[in-house]
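Colleague: If you want the building blocks of each chain, they are given just below.
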Amino acid sequence: MFDLSGKTALVTGATGGIGAAIAETLHRQGAHVVLSGTRQAVLEEKAAALGDRVSVAACNLGDAEAVEALPKAAEAAAGAPIDILVNNAGITRDQLLMRMKDDDWDQVIAVNLTSGFRLSRALVRGMMKKRWGRIIGISSIVGATGNPGQANYAAAKAGMVGFSKALAAEVANRGITVNVVAPGFIATAMTDALPEAQKEKLLESVPAGRLGTPEDIAASVLYLASEEAGYVTGATIHVNGGMAML
Amino acid sequence: MSDVAERVKKIVVEHLGVDESKVTEDASFIDDLGADSLDTVELVMAFEEEFSCEIPDDAAEKILTVKDAIDFIKSQEG
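So the sequence lines, in the order shown, correspond to chains A and B. Note that the UniProt record's numbering numbers the first sequence so that position 81 is 81, with each residue one more than the last. Note that the UniProt record's numbering numbers the second sequence so that position 76 is 76, with each residue one more than the last.
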């Protein structure tokens, strides 16, 4: 099941914990994976660790021109059209609304939401021709529940859900699915650094009693990317240990 | 009938799966040939590929019939 042999996937934010796990998982299932991110050296390191069937296409998703150029660069690097797009890259500029600068808002919306729109617009052409495609957005529990200090981030992550539903309806009869995975609290370098007491308090809100792992997210992405999930579209899979049951 | 017209009609027949006899020059993609809005976007993509040209969005919006497509492509080639 979930064999991705012969498919080509583009994963943005592939240098991060969740992005790297997604890239590794899709690669393990047979896909050729194009890793995108801002740090060229880290991308190349990750690519070298994966071995063959891997390409690198660095891109600053906050830069509109760079985003426009990424689809062609990714397809040239892979030598094939992109079948699976994973819009995973995300940044935070947390601040209480009353102190939030326009720039904090604009950057988060640009990287977390607008880049996904631009990449989808460019890559859906090839998917329509093939009558097969998968577009997967990595949202967040925060997009559904809100979180103080994250008005910009929550707006972008909720925006991704509406965007995906609209696009899903447009391209459903072309064999293309558009879905979202919404992670809860995931163990990353950031949560590792939290004091023990704070971690325990955090876990009280998670019925599963543990933080999620990047692999928990990657498994959902793999499912949505697979042939088997062809009838699932416009959906949001919440991967949060029961923290919010939506 | 010109070569351009033949090629345009062939693409329309293939993409929309309609009978060749229905693809007259006056036929409207949406009203007569059963295309939806996404089909028209795909047709424009197919024309671009077949004739190695670029059809800007504002021009694409005006391509509503088979004749519109033929005329636009001819204007680009001329």
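The set of hints was computed from the structure by calculation and includes no laboratory data. Built from N, CA and C at the ideal position, the CB exists for glycine as well. Errors might be hidden in some of the hints.
[What the hints assert, rightly or not] Straight-line Cα separation of at most 16 Å, EDC-like style, residue types lysine to aspartate or glutamate; simulated pairs:
| # | chain 1 | residue 1 | chain 2 | residue 2 |
| --- | --- | --- | --- | --- |
| 1 | A | 130 | B | 14 |
| 2 | A | 130 | B | 49 |
| 3 | A | 129 | B | 6 |
| 4 | A | 72 | B | 6 |
| 5 | A | 101 | B | 49 |
| 6 | B | 22 | B | 42 |
| 7 | A | 130 | B | 42 |
[Unchecked claim] Restraint-style ranges between C-beta atoms, simulated for each label pair:
| # | chain 1 | residue 1 | chain 2 | residue 2 | range |
| --- | --- | --- | --- | --- | --- |
| 8 | B | 46 | A | 99 | 50 to 56 Å |
| 9 | B | 53 | A | 208 | 37 to 43 Å |
| 10 | A | 207 | B | 52 | 54 to 60 Å |
| 11 | B | 30 | A | 199 | 40 to 46 Å |
| 12 | B | 46 | A | 72 | 18 to 24 Å |
Colleague: For every hint, state whether the structure bears it out.
Modeller: Hint-by-hint comparison with the structure:
no.: 1; hint: 130(A) - 14(B); result: holds (15 Å)
no.: 2; hint: 130(A) - 49(B); result: holds (14 Å)
no.: 3; hint: 129(A) - 6(B); result: violated (22 Å)
no.: 4; hint: 72(A) - 6(B); result: violated (32 Å)
no.: 5; hint: 101(A) - 49(B); result: violated (45 Å)
no.: 6; hint: 22(B) - 42(B); result: violated (19 Å)
no.: 7; hint: 130(A) - 42(B); result: holds (12 Å)
no.: 8; hint: 46(B) - 99(A): 50 to 56 Å; result: holds (52 Å)
no.: 9; hint: 53(B) - 208(A): 37 to 43 Å; result: violated (56 Å)
no.: 10; hint: 207(A) - 52(B): 54 to 60 Å; result: holds (58 Å)
no.: 11; hint: 30(B) - 199(A): 40 to 46 Å; result: violated (58 Å)
no.: 12; hint: 46(B) - 72(A): 18 to 24 Å; result: holds (20 Å)
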